Amino acid sequence: MFPSRFRYEAPSSLSEAVALLASHDDSKVLAGGQSLIPMMKLRFASPALLVDINNIPDLDQHDAQPDGGYRIGALVRHADLEKSTTLGEHQPTIAAAASLIADPIVRTRGTFVGSLCHADPQGDWASCMVALGGSIVAHGPNGRRTIPVDDFVAGPFQTVLASDEIAVEAVIPAANGSRKGGYLKLERRVGDFATAGVAVALEMSGSTVTNAGIGLTGVGSSTINAREAAAAIVGSPLGDDAINSAAEAAAAASSPRSDHRGSADYKRHVVATFVRRLLAQHQPTEAEVA
Amino acid sequence: MALDEVKIGGLGASRRRVEDNRFIRGKGNYVDDIVLPGMLHMEILRSPLAHARIASIDVSGAWAVPGVRLVLTGEMMAARNLAWMPTLSYDTQAVLATDKVRFQGQEVACVIADDPYIAKDGCEAIVVEYEPLPPIVNPQQAMAVDAPLIRDDKVNQADNKIFDWEVGDKDGTDRAFAQADVVSEIEMHYPRSHPSPIEACGSIADFDRSTSKLTVYMTTQAPHIIRAAVSLVAEIPEHMIRIISPDLGGGFGNKVPVYPGYVMSILASILTERPVKWIEDKSGNLISTGFGRDVYLKGQVAMRNDGKILGVRMHTDSDHGAFFSDAQPSKFKIGLMHSAFACYDVPTAHLTATGVYTNKAPGGVAYRCSFRVTEAMFFQERMICAAADDLGMDQAEFRRVNLVRDDDFPKRTPFGFLTDSGQYEKCLDIGLEAIGYADFKQEQEEARKRGRLLGIGISTMTEPLGAGNSREYDILGIKMFDSAELRIHMTGKAILRTGAKTQGQGHETTWAQIVAHELGIPADDIVVEEGDTDTAPFGMGTYASRSTPVAGAAVAMVSRKIRAKARKIAAHLLEASEEDVEWELGRFYVRGAQDRGVSIQECAMAAYSNVPDGMEPGLENNAYYDPPNLTWPFACYIAKVEVDPETGVWDVLHMVAVDDCGVRINPMIVEGQIMGGLTEAYAMANMQFITFDEDGNCIGSNYMDYLLPTAWETPGFELHEVVTPCPHHPIGAKGIGECATVGGPAAFVNAVMDALKHTGVRNIDMPLLPDRVHDALTTGNDVSGMPPVKTEA
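Same order as they appear, the protein sequences are chains W and F.
According to the working numbering, the first sequence holds residues 95 to 384 in order.
According to the working numbering, the second sequence holds residues 508 to 1300 in order.
In case anyone wonders, no lab produced these hints; they're calculated from the structure.
Any given hint could turn out to be false.
Below 25 Å or equal to it, Euclidean Cα-Cα: the simulated DMTMM-like pairs (lysine to aspartate or glutamate) are [claimed, not checked]: (1) 135/W / 621/F; (2) 956/F / 334/W; (3) 1264/F / 334/W.
So these bits of chain W aren't anywhere near chain F, every CB distance computed over 10 Å [stated by the list, open to error]: (4) 96; (5) 117; (6) 159; (7) 197; (8) 238; (9) 250; (10) 363; (11) 367; (12) 380.
None of the values given here were measured: they were computed from a predicted structure.
Glycine is no exception: its CB is placed at the ideal position from the N, C-alpha and C atoms.
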């Protein structure tokens, strides 16, 4: 690869990293590099300074918090999540998506938080975070702030992070009841972006849905929070009618473009199908209904 | 006692590939690994537009970048009469655009600099002003009366048509159709794909002013053709040109043509008097170099009610891009499309073909294919599938009725080829048995009741591999034969060189096995070298599955010449008359006294130390082999699939391949070839294609959009074999490298169409993407894959 000329720094502390970012207008944080490096290769991105955060300690952990929430550090790789034996019991939506991110090579280096910061409307993690109502913690010259994921993205490939801020972790709040959910992605091949993807996060008390989130991947100019679809299933056990309403509402909330991955109508149809499939997994059995 | 052939690595030994030793250690030597003293680096600036007039090119910015040594434009090339070059199909192709650009990705300028970063910076500093012209993205649009003229550079070119070509018996075919009970018709598109070798194209040109010798390290499958072409284009005497094709990271037909980058690196080296390296990037390779396929078919089959085929009509419209630079035997405009229906007893057939220019990359290479045979066999098997359905006849039974029988050989095909051997029905039976065909109909019916869609698709075909013979096959008049040169050293070790050029096929392993078979010299004692025109004998290179049929035959023939001389030496050493000397693997002995013998190694030593009076010393020879016919491998591929009715996604449940490629030299390598071919077949059926939007933008210019299947998607394959030796090949072998790529796609497509049969859908163009399958399922209509044309808003 032959990118434009750039300066490279690999600081060993967050404060150093923030200072470096502040020193240059045109700087970029390098974590896993799985989106940034290909863009530099194609010279779509030509940052003057790369600040590599891989030497900064304590960013590579993901764990359940005492308050029931979940924290994912900025250097947690997709593969760390994929291979975790405990993630599934806490975060079934994240666990379901982990093995569907890109391909095994990208998963080994790419990071969860880096993917959120890339703000690609076709990013799978953003849909999961939207469904889960998560936030991003940013570290800047004046300390830390927490940004809800719905406010985090300013547009395609743009976030509200200041040029001297680093996203240091993603946080998922505690569930009201037990957490259920999943992720489905239609891709033409492993490693392809989603033709359409659906993240479902449920909080359940017994068989009743107490809270729900549905995030849609690749079917709009940004990640879509299908609020009406989620609202359609809250407050009662998952019945066929509620599931159908949610599926239709999710399809209506999406605004896909026709392209080489499929027509807009087809993508809407896939969204509805995936919402149905994901929710059907959590329908109470006949025994439970009785 | 004769040697154990498998132990010495002869025929039938699944010998490990000797070349892998260096490849898996990272010690291969590819063009980009070669570094010459003082070497400069070249980068190409490509057109962002598909069709536009070039108003101006300002290269001053590039010259201002420190480290830039040379900037070339079309104007500078034209001043040296190098702006255009001849193609392998008697057309011309722009090296650097002068008047206008004719496809997205066309070479517009190039920068030569101290390193590749600077060269790229230099390209970014060039300012080109384009005046956009309407782009043409498919043949129908190209042939419209008011279509803009793409090749306005050509005198007497009034429209976008390249050729009309026909073969077969029109009147006979018309009569056959008049007598038919049923006529089946189908239309389809075999989409544009790209061979996409992992290593893109590249070259290092090194012109030495002091000796006037030009050495070019180049990613080429056919070094000797390149030497001839460079000699003609650059007007450098042929003996002053040395083409070296080092290790190649795949070719698949992509590395047969001459590309502008090669020509520019040569000129740049002559002008700078320094070595100039050009290494194409992946996007450059995908958008500008030789593609495969892109042919539209209208097919008709005339039948009797009992299933007997009476005649076949085919018309093809082929999209060749902006320049007709197909790499194929020159007299056949649409390659060997007329090899279609060779495995069926079809009394008469007629093919018409029209080729057109469009605003797309040129190339039309034989992508893992013997010159359009992939399209021919795909069309054939899709037509057969539709014909059986239209007749209401079982797919296997319909084939059984029409396949050529074992005792019919030699058999003239409907378009005039001569097939010579095979056991077609046996292959079909093995395949049907393996897939569980007898029970499938019931399984399919029961699954459908539960909402599951299952389908089975069959593809049976024989294809012509191994061009020449030289009577019929030439490229620009260069006859298609091949060669081998064998030198046995005095200790019985040997070096073999051929005119072929391995690019992953394993020649270093298999050629040695042929020598081992013929001479009893252990394969490990033979080194194989190819690709250097100063040392290798003249040959036409490796593509179209021609290596084993042609160069491999030459290897056997030169070994036999060596054996003939060794026999004379043996007679001398054994003090017997030559007539009394018998051969068994590895040694000569005196008839009736088997323990009185000499080994081939002892003969080799004597060739350099103790030859009989009057005999030339030494033990080396060469052979030029002009095959009497093509070889005709047969294959039966059967796929069983399940289609998800909700999403249109389909999965392969079982895939069976029965291949008859004659005698197998190295069964392991043959199986690898088949699996690789089936993977590419699956890719084309499922995901892999290059299409264009209405502006002529290439959708498929990187591996994000141009999908190559990975181990994750690729299904498992169950392989079976039948061996019918080729009657004319010295060791009975037939080509195999491409059978699965050629015959495989139809098996997958036919399987999906079988699963969708209840909807009345007759065709979905490849690739069978989920949205296309879903579209067909929900509408009941055929789905076209033709690139969309721009309409006025």
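If we take the beta carbon of residue 117/W, is the closest beta carbon in chain F still more than 10 Å away? With a cut-off of 10 Å, residue 117/W remains clear of chain F, as the shortest Cβ separation is near 24 Å.
Is residue 197/W truly not at the interface, in the sense that its beta carbon sits beyond 10 Å from all beta carbons of chain F? With a cut-off of 10 Å, residue 197/W comes too close to chain F, as the shortest Cβ separation is near 7 Å.
According to the definition I'm using, a residue is off the interface if its beta carbon is farther than 10 Å from all beta carbons of the partner; does residue 250/W meet that for chain F? holds (16 Å)
Would you say residue 380/W is clear of chain F, with no C-beta pair closer than or equal to 10 Å? holds (20 Å)
Is the hinted pair residue 135/W and residue 621/F satisfied, with a Cα-Cα distance of at most 25 Å? holds (19 Å)
Given pair status - residue 334/W, residue 956/F, alpha carbons within 25 Å: holds (22 Å)
Was residue 363/W rightly flagged as not at the interface, with every chain F Cβ beyond 10 Å? About 7 Å separates residue 363/W from the closest Cβ of chain F, which leaves it inside 10 Å; violated.
Non-interface claim for residue 159/W, where every Cβ of chain F lies beyond 10 Å: holds (34 Å)
Measuring Cβ to Cβ, find out whether residue 367/W lies farther than 10 Å from everything in chain F. violated (5 Å)
Residue 96/W: least C-beta distance to chain F exceeds 10 Å? Residue 96/W is in fact no farther than 10 Å from some Cβ atom of chain F, at 5 Å.
Hint consistency between residue 1264/F and residue 334/W [alpha-carbon to alpha-carbon, up to 25 Å]: violated (31 Å)
Take a quick look at residue 238/W and tell me if its Cβ sits farther than 10 Å from every Cβ on chain F, holds or violated. holds (35 Å)
The structure is inconsistent with the numbered hints 3, 4, 7, 10, 11, although it conforms to all the rest.
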